[in-house]
Structures are given as structure tokens and as C-alpha cells.
Amino acid sequence: MTQREIHLNLFMRLQGNHLSGWRHPKNRINEILDIDYYIEIARKVEAAKFDSLFIADGLSIINHPWKGLSWLFEPLTLLSALAVSTKHIGLIATASTTYSDPFSVARAFASLDHISKGRAAWNIVTTFHPESAANFGDRPIPEHATRYDRAAEFVDVVRKLWDSWEADALVRNKVQGTLVDYDKVHAIDHKGPYFDVRGPLTSPRPPQGHPLLVQAGASASGQKFAGAYADAIYAPGDDFDQTLAFTKQIREATERSGRPRNAISVLAALCPVLADTEQAAKNIAQELHELSTVDHVYGSMRSWFGLELSEVGPDEPIPHELLPEPDQVQGLRSRYEQILRLIKDKNYTLRDIAKHLEGSNDGGYFVGTPEQLADRLGHWWETGAVDGFNLSLPYYDEPLDIFINEVLPILQKRGQFRSNYAAGTLRDRFRG
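When you line the sequence shown up against our numbering, it's residues 249 to 680, in that order.
No wet-lab data here; the hints were simulated from the structure. Hints may be right or wrong, so weigh each one.
Label-pair ranges, simulated between beta-carbon atoms [unchecked claim]:
#: 1; residue 1: 418; residue 2: 503; range: 34 to 40 Å
#: 2; residue 1: 561; residue 2: 442; range: 41 to 47 Å
#: 3; residue 1: 508; residue 2: 393; range: 37 to 43 Å
#: 4; residue 1: 283; residue 2: 431; range: 40 to 46 Å
#: 5; residue 1: 443; residue 2: 282; range: 37 to 43 Å
#: 6; residue 1: 277; residue 2: 564; range: 30 to 36 Å
#: 7; residue 1: 671; residue 2: 537; range: 41 to 47 Å
#: 8; residue 1: 393; residue 2: 564; range: 33 to 39 Å
#: 9; residue 1: 431; residue 2: 385; range: 38 to 44 Å
Every residue gets a Cβ at the ideal spot worked out from N, C-alpha and C, and that includes glycine.
Please construct the entire structure, taking both the sequences and the accompanying hints into account.
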């Protein structure tokens with residue numbers, strides 16, 4: 249086993265993860281549909297020795313300021329272009345188990361794994377937006393538990409399809425005239441509650457065997473699912489104790505599934521605003537805040553949790569009778585539990601929630617100096633609260649350049665982050 253090091257993944261959303269990041273004067277918003285810009289950023293983080301980059305996805309346009317341009321590209325198409333423009337960085341694409349089929353997903357990720365020579369990863373999502381249902385025949389979104397039951401069978405089928413070709417089935421023997429040894433290519437004959445799939449896959453076995461599996465669910469169902477299937481999981485990053493408790497729960501869920509306790513790499517959310525002094529960083533954060541409006545929170549509460557709060561003023565107390573129990577929410581249940589605590593324990597108004605969310609809807613908002621951030625990352629990692637971080641940026645490119653040029657050298661000097669890539673696949677990197 250190689251020496252333990254911090255894992256770093258770039259959440260690649262070039263319009264920025266701060267609500268108003270796209271409005272920042274230095275953000276290259278006019279280039280967010282230019283593939284050359286994506287290649288530039290991918291090569292930059294590869295030169296910095298990041299483990300991977302990640303493309304999120306959604307299946308509908310959500311009509312409020314935050315989400316309108318979240319899903320610019322189909323992820324596997326974009327990552328195929330980045331695969332041939334890079335050599336080492338892992339490539340994580342999102343695909344839904346609710347509005348996809350296992351054969352197509354297995355084939356697509358096997359193809360990306362071959363194209364990238366063993367760098368593909370699948371971010372598994374179950375999809376909860378009603379707006380997405382309207383793009384697929386208006387089928388209703390399944391219940392929370394049903395989505396995860398379907399996802400479990402979906403992943404089982406995908407893994408069977410990846411295994412349907414033995415590693416040496418593709419012979420390519422010109423002398424004997426044998427291209428494929430079909431005795432080593434097998435139907436899977438899967439029949440289950442949600443899927444009937446014969447197989448085999450049309451693509452040979454991926455270089456990694458199984459591309460890396462990544463997941464983000466923090467609810468009880470999500471943690472159980474992650475414990476059984478995930479190789480890496482995105483975690484909350486706002487509070488050390490909360491993240492430590494989450495990691496403990498994931499370790500326990502992994503053990504209950506019969507897997508080694510540390511089989512899953514926990515990557516905490518991180519969205520830093522950095523400057524030479526803490527006050528200068530606070531000034532930048534304030535500039536971003538002044539570009540924001542409170543309106544987005546109404547759309548967030550509606551699309552994430554199904555809550556209609558349009559009659560509640562931004563500075564009024566939120567009536568508790570409008571807030572269902574978490575087990576009645578079909579959307580982002582773990583996020584809802586966090587918001588519910590802020591409302592009930594700290595009397596947050598919608599304006600307070602808006603400010604809490606605007607820095608990064610994925611969490612981990614940090615304002616300070618590179619040295620302060622390096623200390624925080626090192627502490628969280630050294631104590632075992634996390635295995636690494638899922639880095640998003642409030643805007644591009646300046647915060648990324650500061651992180652690479654001023655934070656990473658500190659971590660490298662302390663022996664906490666790599667200076668070079670080791671040989672092997674993305675799965676090898678995370679296994680190490």
C-alpha cells in the first residue's frame with residue numbers, strides 16, 4: 249500500500265459555485281461553452297496532481313437563478329473530450345439510475361474507461377426533481393426508498409455487465425484467426441424487480457474492471473447504499489464534528505455490508521474564498537454577497553424539498569407547520585435536515601438561509617488565507633474526519649490558481665499531498 253495522501257477532486261462548474269460567481273469581473277463566463285476552456289482547466293489541475301475532476305448533471309432546467317445553467321454539457325461526452333486531452337486525471341461523470349438503463353450506462357462508462365485508459369468513474373445519482381420527470385414521459389418520481397432499491401439493482405446489473413467479458417476474452421490472434429474467445433464472454437441473464445437484462449455487454453471488460461463508483465447520498469438510505477457500493481462519497485464540509493460523525497456512519501455502513509471499514513474514500517465539500525489576509529478574503533466574500541439576491545432561496549426550497557414558501561417574507565419567521573418531517577421529503581433529505589435544524593435551532597429566516605447557501609450550495613464555504621485553509625485541510629485529514637476534499641470554486645480562474653499555487657505547496661511540504669502521480673488506474677489511486 250502506498251503512503252496515505254489527501255485526495256483532491258475538482259467539482260468542475262466553470263460558471264462558479266457561488267450563486268453570483270458568474271457575475272464576478274474576473275469570471276470567464278463568455279467561455280463556458282468553449283471546449284478549449286475546459287481542456288485548459290483540466291490540464292491545469294492535472295499539472296497540480298489532483299486525483300480527479302467531476303462533472304455534475306441534471307435532467308431538467310430549474311427556473312431560478314442558481315440552477316438555470318448548471319448542466320451545460322452531457323457529462324460523458326465532455327469527459328471523452330477531456331480524456332484525450334489529459335493523461336492522468338480521473339474523470340467522474342454523473343448518470344442517473346432513475347432515468348437511465350443499466351446496459352447503456354455500463355456501455356458508456358466502459359467506453360470512457362477504454363478511451364481514458366483506466367480513469368473513468370461514475371457518480372451515481374437517483375434524481376429527485378419533478379421537473380426531470382416531465383422530460384421522460386412525465387412518470388412520477390419514485391419514493392425515496394424505491395429510488396435507492398432501484399439504484400441497488402441498477403448497479404448490480406451494471407457490474408455484472410462489466411464482468412460479462414473476462415479479462416482475456418479479446419484474443420486478437422491473427423495467426424489462429426481468433427479475434428474473441430466467446431467461451432469467455434457470458435450472458436448475465438439478470439431478472440429482477442426492476443430490470444431484465446440478458447447481456448453480455450458489447451464492450452470488452454473495462455481497464456479498471458469496474459470504473460470507480462462515487463456517490464453523494466447522506467440520508468439513511470443513501471448511506472446504506474454507499475456502504476454497499478461506493479468507492480468514494482461526497483460529504484458535508486461545513487462543520488468538523490458533523491463531517492466526523494458522517495464519516496463514522498459511513499465506516500459503519502461499509503462494515504455492515506461486509507466490506508473493509510476504510511473501503512470508501514470520504515471527500516468533504518470545500519469552496520474557498522482566499523486572499524493574502526483574512527480581511528481581504530472577507531472583502532471578496534462581501535463583494536460576491538452584494539451581487540446576490542434573496543430570491544433564489546424560494547426556488548431552492550421548492551426544487552430541492554418540494555416546499556412552497558412564497559407567502560413567507562424573507563425576514564419573517566418560517567412557520568414550523570409548513571415544514572414536514574424529513575422522512576416525508578422526497579428530495580435532498582440530508583440537506584433538508586440541515587436546513588431544518590437551522591430554522592428550528594437558530595431561528596433562520598429565508599434571508600439567513602439564502603446567505604448560508606449562496607457561497608456554495610454544496611457546502612464547505614471557507615473564507616480566509618491559504619495558510620489557514622492548509623491548516624484546516626490538514627487537520628481534517630490527519631484526524632481521520634475525511635480522506636480528501638471535493639473542491640468547488642466560487643468563480644474561475646483566480647481562486648483555483650491561488651489554491652494550486654499557495655495552498656498545495658504547503659500541503660506538499662508537510663507530506664500531505666502528492667508531488668507526482670503513481671502508476672496505475674484511478675481505482676489504484678483511491679485504493680492506495
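In ascending order, which of the hints set out earlier in this document are inconsistent with the structure?
-> 3
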